[in-house]
Structure formats: C-alpha cells, structure tokens
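Those sequence lines, one after another, are chains A and B.
Numbered per the working numbering, the first sequence spans residues -17 to 114.
Numbered per the working numbering, the second sequence spans residues 316 to 491.
Keep in mind the hints are simulated off the structure, nothing from the lab.
Some hints could be false.
Computed list of chain A residues with no C-beta within reach of chain B, every gap over 10 Å [stated by the list, open to error]: (1) -2; (2) 0; (3) 5.
Here are the computed lysine to aspartate or glutamate pairs in the EDC-like style, where the Cα-Cα straight-line distance is at most 16 Å [to be verified]: (4) 395(B) to 20(A); (5) 34(A) to 20(A); (6) 95(A) to 423(B).
In this text, all values refer to a predicted model and were calculated from it rather than measured experimentally.
Cβ atoms here follow ideal geometry from the backbone N, Cα and C, with glycine treated the same way.
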Amino acid sequence: MSTALTTLTVGDRLPEWSLPITPTLVVSTAIATRDFQDVHHDRDIAQAAGSKDIFVNILTSTALCERYVTDWAGPDVQIRGIAIRLGAPAYPYDTFTFTGEVTAVDDGVATIKVVGAVSLGDHVIGTVTVAA
Amino acid sequence: MSAAPAPELVPADLHAHLMSEAERIQGWGEAAERTARDEVNQPTINNWLEAMGVDNPRFTAGEAPPSMAQVWTMYGLGGKPSEKDPLHAMMRVLTDAGFTAVLGTNCEQSYDRYLTVGERVRVTTALDSVVGPKATGMGVGYFVTSRNTWYVGEERVATMLFRVLKFIPRGKEAQS
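Only chain B is shown next, with the shape it has when bound in the complex (with noise of 0.2 Å):
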C-alpha cells in the first residue's frame, strides 16, 4: 500500500503487520451500516440552526442543512462503534501498536442532495487508506482515511472521507 517506510520511524515489521492489517480490514468494504436513531426532523434541525445562528427559511421549510447529514447517524451519548466499524479497528489496531494519539486532519463532504423531514438515513463506513508513518510535527504517525456512505433506502445522498493522524505523541517513543 505504500512504499517501504525509513527504517528509522517505525520498524519494518511492525510497518508490515500494520499494513497487513489494513489490507483486512479495507476488505471488509462498507462495514458497520447503521440506522439513524431518529429520522430527519424538526427540532434535531431547530437545535442546529440555533447553536449554528442560522436563519435560512429553507431549514424550517422541510429541508435539512446539507452538513447535518452526518449528525443524524452520531452514536450519541454513550454510544460505542461496533468492534466491526473499520475504522475503530484500524484505530485499535495502531494504538495497540503504540499510536495512541489521534487528531482529525481532513474532512471531505459530499450531498448528492438536501435530506428532507421524515427520512430515515442509514450509513457504512470504509477503511480508504493507511498511509504512513510520517514524521509531523505531532510525532511520527499514520493517516488513517475512512469514507462512510449515507443513504435513504437505497440511495446514496451523502458520502465523506474523514482522515485522522494516528501518533505516538512526541517524547513517549521509548515507551511504545
């Protein structure tokens, strides 16, 4: 998946084990689908436009902002990925390999269309890509990229790739 790392940021083995893992774990596809807890509707909506100071009369008018597709499938207070999400195995995978830190670096949308009041999504996830190890600022890690893909039945109305740095933080590689 990427070329063979400098020896001296992440031994080949353990490169080879993570990149070994990965590639399992991308073929599991679009994984992990889920139901939103509610469908599309109003107040969820109302609570945004409020905290957001967004006024668009399209947004009281059964039409949901484009951005909140991804809040209706949040795992809400408490909720947990499962253990077959992608990406919260591949996360597993490098903090069990010392990457214990993570920051989000990317996040890349796409609506196909505007959902409206009474839909009900429902989305997967994907591992895209492992990339690394880099050397960054933040310490030597990997870019972990998944995609999850929304949908209303069987249509698609919204994807987004969502990269993170996974790293071991700065001033703790003697203890990975």
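In isolation and in its complexed conformation, chain A is listed as follows (with noise of 0.2 Å):
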C-alpha cells in the first residue's frame, strides 16, 4: 500500500492497522531493541511491581509507528522524525489498533498523526515527519 507523498492531502486517513499484543511480540521486540528490562520479559517481576503483566517497551511503541507510516507511505520515503506521547500500557491478549491522518504537507514534507490504541486506551499518540 504505496502512497506517493506528492498527491497526500490534509485529512487523508491511513488505513486502519490491527496487530494482536502477544507474549512473543512483547519479549521478541524488547530483546529486539536491547531493552533487557524485566518488566518486558518477566511477568513475576512485572506483576511484583504492580502491573498486569509485562508490557510493550518504549522503542517498539516508537518503531510500531514507524512501520505503521513506512508501510502506508512506502519503503522509499525518509523518515524524520518520530515524537510519541505515551498513554494507557500495552499489555499481552490486547491488540493494537492503529490510525493516522496527515495533518500537514509542507514542502515535500507530511506530517502523520498517529495513534495505536489498546483496550484501555490509547497506548501511543504520535506525530511522524516523513519526506519524500
């Protein structure tokens, strides 16, 4: 789902996104992004320090963006920027849904919000900066 950056209007709507939050893609990703934090791998640790269970590291929420947009936009373009503001925790048997608009288009330049919501909320809010 190729889009070229050149046709984007303000208010074009990604596709809707969904990915199932699995125990796998929880530990996979952490270790992915060398996070070894135990919150992220272990769910004794994590529910001693009273969460649910073990939850989505912060680089994955800013590379689940990423691929979100990448995807939508197209291997070629470059990203510039990814600015999240982080919400309600992403836990395993949850699924992320993920929507988008362009908010801006300046010079070759879009701007994507972007938001992965869970079942408690919205996980990640973001804005993507992404050139042609």
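Dock chain to chain to rebuild the complex, using the hints, since each chain is given by itself in its own frame.
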C-alpha cells in the first residue's frame, strides 16, 4: 500500500492496522531493541512491581509508528522524526489498533498523526514526519 | 527554572534543593559519552525486522531503520549508566527525595539521516529540564527531560528528547 507523498492532502486517512499483542511480540521486540528491563520479559517481576503483566517497551512503540507510516507511505520515503506521547500500557492478549491522518503537507514533508490504541485507551499518540 | 510551587505539593526547601541540583546537573552539558558496543550490523537489524514484522528491502541492503538509532547504544543485559550520566544523576536526586516511581511520558526522536551498516555511533546525554511539582493522576512528581545526541564521528545523526514523570506513588506520601 504505497502512497505518493506528492498526492497527499491534509485530512487523508491511513488504513486502520491491527496487531495482536502476544507475549512473544512483547518479549521479542524488547530484546530486538536491546532493552533488557525485566518488566518487558518477566511476568512475575512485572506483577510484583504492580503491573498487570509484562508490557511493550517504548522503543517498540516508536518502531511500530515507524512501521505503520512506512507500510503506508512506501519503503522509499525518509522518516525525519517520530515524536510520541505514551498513555495506556500495552499488555499481552490485547490488540493494537493503529489509525493515522495527514495533518500537514509542506514542501515535500508530510506530518502524520498516529494513534495506537489498546483496550485500556490510547497507548501511543505519535507525530511522524516523512519526506519524499 | 520554574515558578514557586504550591506549598501543599512539595515543601519549599525541598523544591529549592531539587531545582538547585537540576541546575548543577544541567551544567554538565552533553555528558556521559559512550560508544556503541557494536557497529551498525545486519544481524541486529535482522532481529529487529523479524520482531517488528518489517520487510522493507532497504534494510537488507545496507541501511538501518531510523528508530534503531537508540538501539545501538542501549546498555545491554546488565549494563548500567555511569554516575556521570545526567539523567541517571537527576533520577537519583529525585529517588533520594522520595520520588521513587518512574513513568515514561514522551519520546521525540529526529533523524538527520539513516545509518548504514559498518558505522559506529556514539551518544551523549544532557539534562534538558526538570519541571514541577505537578499533581498528576499517578501522584505528585517532576517531569524530567533528557536529550540524547547520536554522532558518527563529528556528524550528528539523530537526537532524542525523552521525558519521564518521577513521582511519589499515590498512597505513599506519608513515607516520603
């Protein structure tokens, strides 16, 4: 689903994307981002710390925003920046639902607002800046 | 650095101490420089691609995904920040003052360019700001913002503003 940035207009919406949050997703992405904090792979420790379960790490929240926008915009674009605000935790057996909207197009640079929601609310609210 | 606090949130002398420590640590500037354990390399990129479910052909042809910038300089299993790390130092000041809990709230990365296989990045850390006290849903705390800057040689390749809330968990106020 590649999209030419030159044809974008403000208000364009990205197709919704769902991603099941399995324990394997939480653990494999934490380790692949070289984040060995135990709350991302050890449920006993996560629960002892007051969390419901292990949860998705911040590097992965950023990476999934990168993936969502790149899958839509096409592999050749340049991601200039990803700014995220974090909300509800992303636990195993929940599902991410990503939605996005073009909020600015200026001189070949598009700004995409991305929301990654889980059942508890918005997990990540991001702004991804993309250049052609 | 910020307006005088409402007296019921944090005692004035404690707030003054925290602001003074913040100013001292800010004065370190870009500090705690460290070099990535490994060069930007294909096996680590491949692990990331598999975990994230990304199949962009650029990332098997010499380029690294932009948001991996931070990955290269993660401390790794058992790694610890140095005492001279400004973020770590400010967190310790707040922990010692009873603000024991931490929650990541914002992460803003910008990429000057994509990294390529074979490059070795280094990163610096600076304390950007300490703002508070704020009464949040989690408890009373301070927002601590650090700034990381990644370089290849002298060239800046990426930056990150990272903000956490360092707070006294609700219900634990009496112990602080």
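For the pair supplied as a hint, residue 395(B) and residue 20(A), is the alpha-carbon distance within the 16 Å limit? 14 Å, holds
Are all beta-carbon distances from residue 0(A) to chain B longer than 10 Å? 12 Å, holds
Does residue -2(A) clear chain B by more than 10 Å, comparing its Cβ with all Cβ atoms of that chain? The claim stands: residue -2(A) keeps its Cβ more than 10 Å from every Cβ of chain B (closest is about 16 Å).
Does residue 20(A) lie within 16 Å of residue 34(A) when you go C-alpha to C-alpha? With Cα atoms ~14 Å apart, residue 34(A) and residue 20(A) stay inside 16 Å; holds.
Are all C-beta atoms of chain B more than 10 Å from that of residue 5(A)? The claim holds: residue 5(A) sits with its nearest Cβ about 13 Å from chain B, beyond 10 Å.
Taking 16 Å as the top limit, are the C-alpha atoms of residue 95(A) and residue 423(B) close enough? Distance of about 13 Å is within 16 Å: holds.
Of the hints listed earlier, there is not a single one the structure fails to meet.
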